[in-house]
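**Q** Chains A and B are the protein sequences, given in the same order.
Read in UniProt numbering, the first sequence has 229 at position 229, and its numbers run on one by one without any break.
Read in UniProt numbering, the second sequence has 162 at position 162, and its numbers run on one by one without any break.
Hints are computed from structural coordinates only; laboratory data are not their basis.
Owing to the predicted nature of the structure, the values given are computational and were not obtained by experimental measurement.
No false leads were mixed into what you were given.
Okay, derived cross-link-like pairs now, DMTMM-like style, lysine to aspartate or glutamate, Cα gap no bigger than 25 Å in a straight line:
hint, chain 1, residue 1, chain 2, residue 2
1, B, 70, A, 181
2, B, 16, A, 183
3, B, 62, A, 183
4, B, 55, A, 193
5, B, 55, A, 183
6, B, 132, A, 181
7, B, 157, B, 97
8, A, 167, B, 111
9, B, 70, B, 9
10, B, 55, B, 9
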Amino acid sequence: MHELPQQLVNGLLLGSMYGLVAIGYTMVYGIVQLINFAHGEIFMTGGFGALTVWLMLPGGTTMWIALPLMLIGAVIVATLIAVGAERFAYRPLRSAPRLAPLITAIGLSIVLQQVVWAWFPDAKSSVKFPELPGGPFHIGSITIQTGDVFLLIAAPISMAFLGFFVKKTRTGRGMQATAQDPDTAKLMGINTDRIITIAFALGAAFAAIGAVAYGLKYGEVNYRMGFILGLKAFTAAVLGGIGNIYGAMIGGLVLGLAETLTTAYIADVPGMQQLGGQSWGNTWAFVLLILVLLFRPQGLMGERVADRA
Amino acid sequence: MTALLEVEDLRVAYGKIEAVKGISFTVEEGQIVTLIGTNGAGKTTTLRTLSGLIKPKGGQIKFQGKSLKKVPAHSIVSLGLAHSPEGRHIFPRMSIEDNLLLGAFLRSDKEGIQKDVQRAYDLFPILGERRKQAAGTLSGGEQQMLAMGRALMSQPKLLMLDEPSMGLSPLMMQKIMATVAELKASGTTILLVEQNAQAALSLADQGHVMEIGKIVLTGPGRELLVNEDVRKAYLGED
Chain A
1 MHELPQQLVN GLLLGSMYGL VAIGYTMVYG IVQLINFAHG EIFMTGGFGA LTVWLMLPGG
61 TTMWIALPLM LIGAVIVATL IAVGAERFAY RPLRSAPRLA PLITAIGLSI VLQQVVWAWF
121 PDAKSSVKFP ELPGGPFHIG SITIQTGDVF LLIAAPISMA FLGFFVKKTR TGRGMQATAQ
181 DPDTAKLMGI NTDRIITIAF ALGAAFAAIG AVAYGLKYGE VNYRMGFILG LKAFTAAVLG
241 GIGNIYGAMI GGLVLGLAET LTTAYIADVP GMQQLGGQSW GNTWAFVLLI LVLLFRPQGL
301 MGERVADRA
Chain B
1 MTALLEVEDL RVAYGKIEAV KGISFTVEEG QIVTLIGTNG AGKTTTLRTL SGLIKPKGGQ
61 IKFQGKSLKK VPAHSIVSLG LAHSPEGRHI FPRMSIEDNL LLGAFLRSDK EGIQKDVQRA
121 YDLFPILGER RKQAAGTLSG GEQQMLAMGR ALMSQPKLLM LDEPSMGLSP LMMQKIMATV
181 AELKASGTTI LLVEQNAQAA LSLADQGHVM EIGKIVLTGP GRELLVNEDV RKAYLGED
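Take the sequences, apply the hints, and build the full model.
**A** Pasting the structure below:
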């Protein structure tokens, strides 16, 4: 049996990556009631944006200089694609039946995958992502892998920023109002189109940070990395209660913990020996989703629907 | 003197169904003008068109001489036209104070905003007592007060109130109508849409009776109040 504190830390780290990506699903859903299934691919393009910057830098650039530039590159690429998708793919369909934008989103995600597959050099298989310097470091009995250090720092800062933005800034309050009642938000003078654009952009920016974290954690990016991770992040958003940004963070953490702990310990349960290990991690994550949908469909922190009256 | 609001031959349609079929009226500064009529007469559609939520099919809307036709909904409030919508539509999961502050979304004069928040609390003390409470927990009448207070936060030149008495107890209705009168006395210009014809007409300088998308009768409020047709149709007398 592995050490529990270590597994908890691993779970929280993995979960905070899910949370970063989940924010994009939940923000967009909260405002336009669209499940943006292309969000996983927007996350993926963020990873390739960062990689592109790295490949353009002269060889031997230290990560201290490269990483901030890669982050900026990731955020710019993902944000531009997300805002473009909103403007040209989703906005024309805003008053169409719900199925139309949903199918558009799936189509868009295939297009993004194929574009990266076809155009990015060597993207047909996994592409090596630069590594952070230095070895793993230790806190007591807990080991933090070098690749996770970025996540450990970036995730809490991102989430604190988001909380501040939504609660304290004028645009954030405009966003809350638009999510609750778009027509009335317009009557207050809120440019709801602009708010929707900002929601897509912010979601993409957080996904891009998540993608850099992914690259550093696993040491590679690939054109399909958005699929499973996107599904997991979507699961996290539903777990937490879709539409609720704090829910997305909590849902991500819960999912990360559940996945890590089941992977580590389920084989110790009598009769479950063959269900442990890495390859079953995804299965347990989605089992958790099904359980939540069965017993608490509004999610852990979901809004009661009644107060919409 | 030109009117604050001029509506001329306004026509609005939902698909092929015309909800407003060419109505004209004006609102002068300092007046209360009311649109009365039964459900489906086109009163709410008219207000929603004035504030840009629905695009008209034809006709003219001029506010202070300027056409509103090409102005997007979110820019109309900055011209001085505030709309307290039918069914109140307060933001349920935000606090009362945040709701009021959203009414001042486009203003940046912090001190002025604080003053106006205080004024809303003076007008409706119950809101002040519960300022941190989520607006969705208020009673219908309190939500109506909040919706009116929120609309006033933009310092409008024209306040449009859609069915402020809808679904309220008689006592609460009186309170709301007294506030409307109070606002008029302090110089606010009001366009009032009501099904409660009695209350609306007794406050109004000018009243218009709407029936299935048209204005069928116009006159000073007190005259309409004693008009036989109006009494029969809207005040429940025969």
